[in-house]
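J.: The listed protein sequences correspond, in order, to chains H and E.
Numbered according to the UniProt record's numbering, the first sequence spans residues 1 to 432.
Numbered according to the UniProt record's numbering, the second sequence spans residues 1 to 325.
Please note that the accuracy of each hint is not assured.
[What the hints assert, rightly or not] To be clear about the criterion: a stretch of chain H counts as covered by chain E if any three or more of its residues have a C-beta under 8 Å from a C-beta of chain E, and this derived list gives those stretches:
| # | stretch |
| --- | --- |
| 1 | 41-52 |
| 2 | 101-107 |
| 3 | 125-131 |
| 4 | 191-197 |
[To be verified] Just some of the chain E residues that point at chain H, by a computed CB distance under 10 Å:
| # | residue |
| --- | --- |
| 5 | A126 |
| 6 | E272 |
| 7 | G293 |
Simulated from the structure, these hints should not be mistaken for lab results.
No residue lacks a Cβ here, since even glycine has one placed at the ideal position from N, Cα and C.
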Amino acid sequence: MTRTNRRKLALTSAVLAVAAMTASSLPAQAASDPGVTSSSIKLGITVPMTGIASPGYNKIPGAMKAYFDYVNSNGGVNGRQIKLVIKDDQYIPTTAVAKANELILKDKVFALVGTLGTASTKAISASTQLAKRGIPSLFVNTGFSGFADKKAYPTTFSILPSYQMEAKIMGKFLKDKYADKKLALIYQDDDFGRDALAGFKQAGITFGTYIPYASGSQALPATGAGWISKLKASGAEVTVLFGVSSASTAALANAYAAGFKTQWVLGSVGGDATTIAASNKAYVPLLYGAKGFSFAPAPSDSTDEYIALFQKIYSVAQPTQTFDNNVVAGMSNAFLAVQALQATGSNLTRAGLIKTVETKGASFANPFLTPLGYSATSHVGATGYWIGTYDPTGALKPDGGKYTVYTTDSGNGPVVESSYKRPAMPAKGLPN
Amino acid sequence: MLKKHPLTAFILFGLLLFLLSNRVDELRVFQGATVAIYVIAIASIILLTGYSGQVSLGHGALLAIGGYAAALSRNHWGAPVWLAFCIAVLAAAMGGYLLGLAAARLSGPYLAGTTLALAIGLPSIANQFSIFGGEQGLLFDIGAPPASLGADFTQYKWYFWIAALAALIIIYWLRNVMNSRYGRNWKAVRGNDVAAELAGINVGRNKVLAFTISAGIAGLAGALLAMTISTVSPGAFPLALSFSLATGAVLSGVTTLGGVMIGAVTLVAIPEIVDSVVSRYETSETVANNLPGLLVSTLLILTVLFVPNGPVEQMRARHERRAKR
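Please construct the entire structure, taking both the sequences and the accompanying hints into account.
T.: Dropping the structure here:
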C-alpha cells in the first residue's frame, strides 16, 4: 500500500520538476545583439512597484514609458520603436536578480535602464554577469559612488551624483551660510551615511552633535523623539538630516510636536514630498522652510523648457497622477536613454551603446542643471547640486529665484560654483 | 521502490535533474536552482514545525546567518566553496542552538513572536558593523564552473548543480533522520509533550536539537541563495522571505517532507505565471503588481481550509481510509 503511494509521490515530484522547468521551450538565438530588430528596441527595468519602498519610486516606470511613447509616436529612435518591460522587484535583491534574469533571458532586452537601489543593482550586476555578457545597464538610480567605477562595473552608468559629492556641496553651503551657528547631523549609520561623513570631512565641517541611527529604527516612535531631545539639549540651530524620507518624517513631526525650532537641511534622498505624503499628507507642510538639494529643475518650474514638455506629456499619459520629482527623474532617465540610443546610430549594438555614452555622454542633451561626468574613465552622471528652500506644498524652490549650481567630484576635488550652461532642448524634446 | 531502495531513487532523480539541466534554457536552470534552494529552506521549516511542533516565523534570519557566514569566510579567509557552505551550516546551527535554548521555554504565539523579532532585528545588525558591508552588502563569488565541464557550461547551470545536489543530500538525510529515534522523539514531543516526557523523552533537549538542525539546514539554504545572487545584503533576507517560506511549508504540508517540492515550485512559478498571463491581457498596473501576492495568499487559505496537512498527506490518508473499507 504505502509502496504505491511512495512511488506516486516520487512520480509526482518528478513530473512537477519537469513541468516547472520545461514550461517554455528553447528559444532560438539571434545572430545580432538581442532586443533589437529593424523596427524595435526592447529595454527592461526592475523597480519596487509594491512593498515598503514603492511609494514614489513606483511612478518612475510610468514616467519613463510616457516619454518613450512620446518618442515612439514621433517616429521612434532611428526608426525603431522603444518597448519598456517593467518588472516589480519589491526592493529585494533576490527578487531583483530573478526579475533581471527574466528580462535578460526571457524578454531578451537590449539593455537594462534605471535599476533602483544599491543592493539590488549590485546583486543584478554580479549575478547576471552584466559585464561578462556586455549588457549595458543605463543610468542606475543610486548615489553609491562605486557604480561610477568603470573597472568594477564596465557596462553600468549611474545618473545621480554620489552621496559624497552631495555632502561636500552641503558642507560648503553650511560653511558659507551658517558658519557661526551650532550645527547638528542626523545620519543613517551605514555606507549611505558613511559616504556622507567622508564628504563632510573633506569639506572641513565638524558638527557639534552627531546623531547616527540604524536603518529601520527611524520607524520606531522613540527614535525621532530621542533625536529631538538630543538636539534640544545641544541647542542645535541648524540640523542636517542625511537619511531616507521616513527619517525626515520622524524628525520633522517630532520637532513640530515638541515645539522645537531648528533650520532643517535635508539631503536629496530624504526630501521627497511624495514619499513623505505617502506616509501622511499632514507632514508635507512641515517641510516648509527647510533647505534641500537637487540637480534636476524643480517639477513646479514650468518656465523650464524640459519641465514644460514633461508636464505636457505626463498629463496626457497619466492624467490622474501628480507631477513630482519622481516623474522628473523617470522622464529624464528615459530622455537620456533615448539620447544615448539615438547617438549610437542605426547600427545599434551593446558595445556601441556603451562606447557612445563614454565618448559623447558628457555633451548629451539632458534636463539636468549640472554637467554630466561620463567619460572613458568615469561613469558618473550628474556632478552637482543646486540649493533651494521648500515651500508649504513641499516643492523645492531655488534660493534667490535662480538655480545656482555647485559641482565637485567624489574625491578630493574642490566644490565650485558651476558656470555650466545646459544645452538648449532639441526641437520638440526629441534628441537628435 | 523509494521505500526499499531510497538511495537508488534519489540517485535516479538526481540523474533526471542532471539530464533536464542540459535540455532547458538558462532561465529555467536559474529557476531550478531557486526551487532547489526553497526545497532546502522549506524542509528545514517542516522539520521544525511539522516534526518538533515549534513555529518559526523568522527563518529568513537563519538564512541570513548562513549567507553572511559563507560570504565572510570566503572573502576574508579565502575558504573554498565547500568549506564556505560548511561554515554557513555551522554558524547558522550555532545561532539556531542559542535561539533553540530560548525557544524550548516558549511555545505557540510566544515562540512565533520571538522568531519574528529576530527576522526584523537581525538585518539591522548588518548595518551596525562595517564588516557586514551595510545596506549594499558583500559580494559572494563562488567562481566560474570548472573548465573540465566545458566552455558551454554556464554559471547558472553550475549554481543549479550545486543547489540540486545539496537539496537531494539534505532531503535524503532528513528522511532518514525523521525515521530514526530522533524523528520519533520529535513527533512524540509534537503530539503531546507531557506524554513524551512520561515516556522518558527529554523534551527540552529534543526541541533544542530540532532547532539546531533546522537552523543549520536553513543556513545552507541562505548560503546557496547568496550564491545565486552573488551577494549578501540585509535586503535579501526580508520579512517577506520568512513569510513566503512559512507559506511554502504550509502549501507543502507541514507534517510531511513528501510534498516539499509543491511549496517550492509554487513560490517560484506563481510570479512567472502571473507575469505571462498579465502580459497577454491589458490589465491595470495595480492588479498586475499585486496578483502574485493575492494568488499565493488564496492558495494558502484554500490549503488551510481543505488540506490542512498538505496535499500529499491528504492523498495518503484518503488511500489508507479506502484500503480499510
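J.: Hints the structure violates: just list their numbers, smallest first.
T.: none
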